[in-house]
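Line by line, the protein sequences give chains A and B. First residue of the first sequence? That's 1 in the working numbering, and the numbers climb one at a time after it. First residue of the second sequence? That's 1 in the working numbering, and the numbers climb one at a time after it.
Watch out, some of these pointers could steer you wrong.
Claimed, not checked - Straight-line Cα separation of at most 25 Å, BS3-like style, residue types lysine-lysine; simulated pairs:
{"id": "1", "chain 1": "A", "residue 1": "K280", "chain 2": "B", "residue 2": "K152"}
{"id": "2", "chain 1": "A", "residue 1": "K13", "chain 2": "B", "residue 2": "K152"}
{"id": "3", "chain 1": "A", "residue 1": "K61", "chain 2": "A", "residue 2": "K71"}
{"id": "4", "chain 1": "A", "residue 1": "K13", "chain 2": "B", "residue 2": "K242"}
The hints are simulated quantities; they were obtained by calculation from the structure and are not laboratory data.
Each chain is listed here by its residues.
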Amino acid sequence: MALRIDRRPISLKLLIYFLIFSWVIIAAFPFIWTVWGSFKVELDFFSISDWTYALTGERTKAEYGSPFTGKGYEGAWLDNYFWRNAINTFIICFFVVCTSLTIGTLGGYALSRSSYQYTFWLLVIALIFRAMPPITLVAGYMLPFFEWNIWGILPTTIIVLVAINQPFTLWMLHSFFQNIPKELDESAKVDGCTQFEAFRFVIIPAMWPGVITTGLFSFLLAYNDFAVTSMLLAENNRTMVPAIAAFLGTTYTEGNIMFAVAAVVSTTIPLFLLVMFFQKQIVSGLTAGAVKG
Amino acid sequence: MRHSTFFWFVLPTATAMILFIALPIISVLLQSVHAPHQAVLVEVETCTPLVGCTVETTMDQEATKALRDAQPLGRFVGLDIFFDRGHLAVNEVKKIINNSNTWNEIFTQLSNLPFYRAMAFTLTFTFVVTPFVIIFGFFIAIGVNAISSYFKGLVIFFSLLPFVVTQLIGALVLFWMIDSRGILGSAVQWIASDPNLSLKASTGVMWLSLIIYGIWHAAPFAFVIFYAGLQTLPQDQIEAAKIDGASRYQQIRYIVIPHLFPLITFVALIQLMDNFRVFEPIVGFNASAHAQSLSWFIFNDLGGETRQLSSAAASSVLTIIGVSILLFPVLLRTWRDFREQT
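Whole structure, please, built from the sequences with the hints as guidance.
Right under this line is the structure:
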């Protein structure tokens with residue numbers, strides 16, 4: 001039932017739509033602009049003479065005969081071996097997500113089912129660890145990793161990212177498991193299951209929504225990481241984000257900045273798809289922590 | 001759950017966190033009170049007939065290497081690294097305070113010391129970005145809540161992008177537009193009719209763009225949290241307020257904001273901690289000539305040709321202290337919640 005008083009005056013409605021429309025432009029335009037520009041030559045994307053060149057691609061037309069060119073992508077993916085970085089990123093993300101979910105669900109489940117004081121303190125310690133900026137930890141890894149000769153390789157970075165991920169994973173899964181009624185596994189235990197069997201046969205089938213949401217955030221953390229991967233990986237094992245940073249160092253001088261632009265667009269596309277398909281889970285994951293607290 | 005079962009369930013995750021978070025913190029603490037070994041010097045006297053004898057000082061490669069291998073941490077120097085010119089710069093600060101008469105003078109001189117310059121930027125960034133993120137997030141949430149549900153999904157999709165996309169990439173995308181040859185940069189030059197106005201030349205403009213980036217990146221986070229909070233508004237209170245003739249503004253002021261208040265503090269606390277570690281945008285904007293932060297110091301020390309581990313470790317300890325101060329209210333809140341629950 002819509003009351004008359006509920007109806008917003010038309011001017012207010014227009015204002016709201018205008019503001020939201022401006023926000024969408026502010027949020028999305030930089031990405032759209034960069035995607036468009038990544039198919040141009042540098043003199044169009046960074047046009048000194050006339051900004052409309054970035055739209056029409058005058059110089060690109062002059063150089064390649066068409067207003068679009070894949071030269072930037074070719075340069076990044078083939079000439080600069082960006083495909084290797086992409087493979088590294090996906091190896092790292094896959095193993096980080098799998099490992100951190102496996103050990104995180106076990107821990108989160110136990111924390112949600114134990115009522116002793118120490119669970120609280122464990123969660124508080126996890127919270128403190130979560131607040132530590134990863135870059136400060138990296139300073140602590142360097143010397144031991146050099147000493148043991150495990151610096152620069154993918155497995156080390158995977159384990160480090162899993163560990164950095166754990167506090168957040170624990171908190172999130174802990175709150176998801178608390179929403180699964182305790183009676184479920186209690187009754188399984190009454191029927192003669194051990195705690196682990198109760199977890200295996202009763203809880204695991206019921207936990208997937210929470211696990212998928214947590215997995216998304218683990219993936220984002222591993223995929224988006226710059227501090228750890230840029231410091232702990234040797235040059236030939238680099239993932240995409242540090243590779244882009246390395247491009248910048250060379251391209252500003254060599255004048256092929258379009259490689260970096262193409263690499264940036266390529267790296268953004270998986271994130272784009274992720275948000276598109278998992279929007280609900282991302283929103284629910286972000287709010288899970290807040291609404292509870 | 002029995003203690004032993006609990007132990008086995010928690011063991012893998014606890015091991016990972018102890019090995020790769022707790023121990024590194026200790027390792028950082030140790031490293032920060034040790035400096036690299038100095039080279040072992042030996043004096044060699046070479047005598048040639050007729051010319052006479054000369055004493056040369058050379059580095060004893062073998063002895064130096066042996067010393068470095070024996071004690072890879074370096075030599076113990078106490079808090080020296082914390083007090084040196086690159087960090088707290090105690091001597092320089094004393095001198096400045098003794099020699100300056102006005103506060104203004106003290107501040108200008110302090111801002112020449114790298115640590116204090118970085119602190120100035122970090123704190124400005126943290127305390128400007130956080131309130132703006134909350135304000136923008138709040139207005140976007142109110143606005144999205146009011147539009148037709150037909151558009152909501154699409155608006156949320158686009159809103160999430162600046163937050164979900166890698167910080168470095170978001171910073172680069174924005175930087176390429178603000179760059180003097182980019183579209184926004186040219187627009188600003190045209191509006192100000194000053195063809196030489198450039199991001200790279202001015203500290204003020206650089207700070208402003210980093211702050212704009214920070215707000216752009218984090219506003220979606222505040223928006224999503226507040227939007228979720230708006231879905232649980234107490235409808236009966238709103239009805240009652242309407243019947244009593246409350247205006248839209250009064251409804252927001254007296255019902256919506258108090259309802260969202262716990263979420264506002266949550267966003268504020270998280271944002272204070274996140275903004276304090278600002279670092280990727282400085283790399284993305286290529287801004288280190290104008291703006292540095294503690295995290296950037298660590299990154300710079302670790303990444304250079306000569307990895308300055310001790311200096312990085314000292315900066316890390318200072319960062320950890322800063323984060324702990326900001327974390328304290330969060331812990332207090334968690335403790336209060338826990339006490340209420342039990």
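Status of each hint after checking the structure:
| no. | hint | verdict |
| --- | --- | --- |
| 1 | K280(A) <-> K152(B) | holds, 12 Å |
| 2 | K13(A) <-> K152(B) | holds, 15 Å |
| 3 | K61(A) <-> K71(A) | holds, 13 Å |
| 4 | K13(A) <-> K242(B) | holds, 19 Å |
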